[in-house]
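J.: Residue numbers (my numbering), protein chains in the order written: chain P, 1428 to 1540; chain Y, 431 to 543.
It should be emphasised that the hints constitute simulated quantities derived from the structure, not laboratory data. Every value quoted in this text rests on a predicted model; they were computed, and no experiment measured them. Glycine included, each C-beta is placed from N, C-alpha and C at the ideal position. Check before you lean on any hint, since a few could be wrong.
Covered stretches of chain P, going by a simulated chain Y footprint (3 or more residues, C-beta under 8 Å) [claimed, not checked]:
| # | segment |
| --- | --- |
| 1 | 1465 to 1471 |
| 2 | 1529 to 1536 |
In silico EDC-like pairs for lysine to aspartate or glutamate, Cα to Cα no more than 20 Å straight-line [said to hold, decoys possible]:
| # | chain 1 | residue 1 | chain 2 | residue 2 |
| --- | --- | --- | --- | --- |
| 3 | Y | Lys500 | Y | Asp468 |
| 4 | Y | Lys487 | Y | Glu460 |
| 5 | Y | Lys483 | P | Asp1526 |
| 6 | Y | Lys485 | P | Asp1525 |
| 7 | P | Lys1527 | Y | Asp468 |
| 8 | P | Lys1532 | P | Glu1437 |
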Amino acid sequence: AQTVTQSQPEMSVQEAETVTLSCTYDTSESDYYLFWYKQPPSRQMILVIRQEAYKQQNATENRFSVNFQKAAKSFSLKISDSQLGDAAMYFCAYRRRDDKIIFGKGTRLHILP
Amino acid sequence: DVKVTQSSRYLVKRTGEKVFLECVQDMDHENMFWYRQDPGLGLRLIYFSYDVKMKEKGDIPEGYSVSREKKERFSLILESASTNQTSMYLCASSFIWDSVSLTFGSGTRLTVV
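Isolated chain P (complex conformation) (with noise of 0.2 Å):
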């Protein structure tokens, strides 16, 4: 069964330091979709990148980027020059063969000004 682990449920980061979100995965699929996603305060989940695994390029957003190694079934969410309003709940995602998609448990991100 397809499994998505976020290791860390808190972190703090400076702001407009750089901080790395950890996944990790299990599939034995070799073609799927993973994601981050954001639920700030206001409870609104939001897309923040999406990797096809097919891919080899690293996905970017502004200033979320991705690392991707498939090997390794790694996916970890870097963000750059963090801002205040990077405060929420990053839930890491793999969507299955049957178009269901699980999510991590989150990791709890603070900004310190």
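Dock chain Y against chain P, hints included.
T.: Just chain Y now, with coordinates in the frame of chain P:
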């Protein structure tokens, strides 16, 4: 702006009550999902629907049922609410040809007393 609307932001119900959680999307999405979010457990899929009157069980369907009579509306039903169903419930939707891009509602926090 496209939206997934959940009818209640907060809900308090008594044990044994029949509870309806409503979700409406205005994007003509085929796929609709109900997730449950609990601290330390992340998001867990309850039910999934890929078309009107079609449904599939997710990972934790026990104690829940769903209804999809119209494309835009997906209801989650707790036949007899119990205290262990106190949780945050998130609805999401996506196009069937782009199931990777989920759009979420802002959640219903249900308390069963």
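J.: Next step is simple, just say for each hint if it's right about the structure.
T.: Against the structure, the hints come out as follows:
no., hint, verdict
1, 1465 to 1471, "holds (count 3)"
2, 1529 to 1536, "holds (count 5)"
3, Y:Lys500 x Y:Asp468, "violated, 29 Å"
4, Y:Lys487 x Y:Glu460, "holds, 16 Å"
5, Y:Lys483 x P:Asp1526, "holds, 18 Å"
6, Y:Lys485 x P:Asp1525, "holds, 13 Å"
7, P:Lys1527 x Y:Asp468, "holds, 19 Å"
8, P:Lys1532 x P:Glu1437, "holds, 11 Å"
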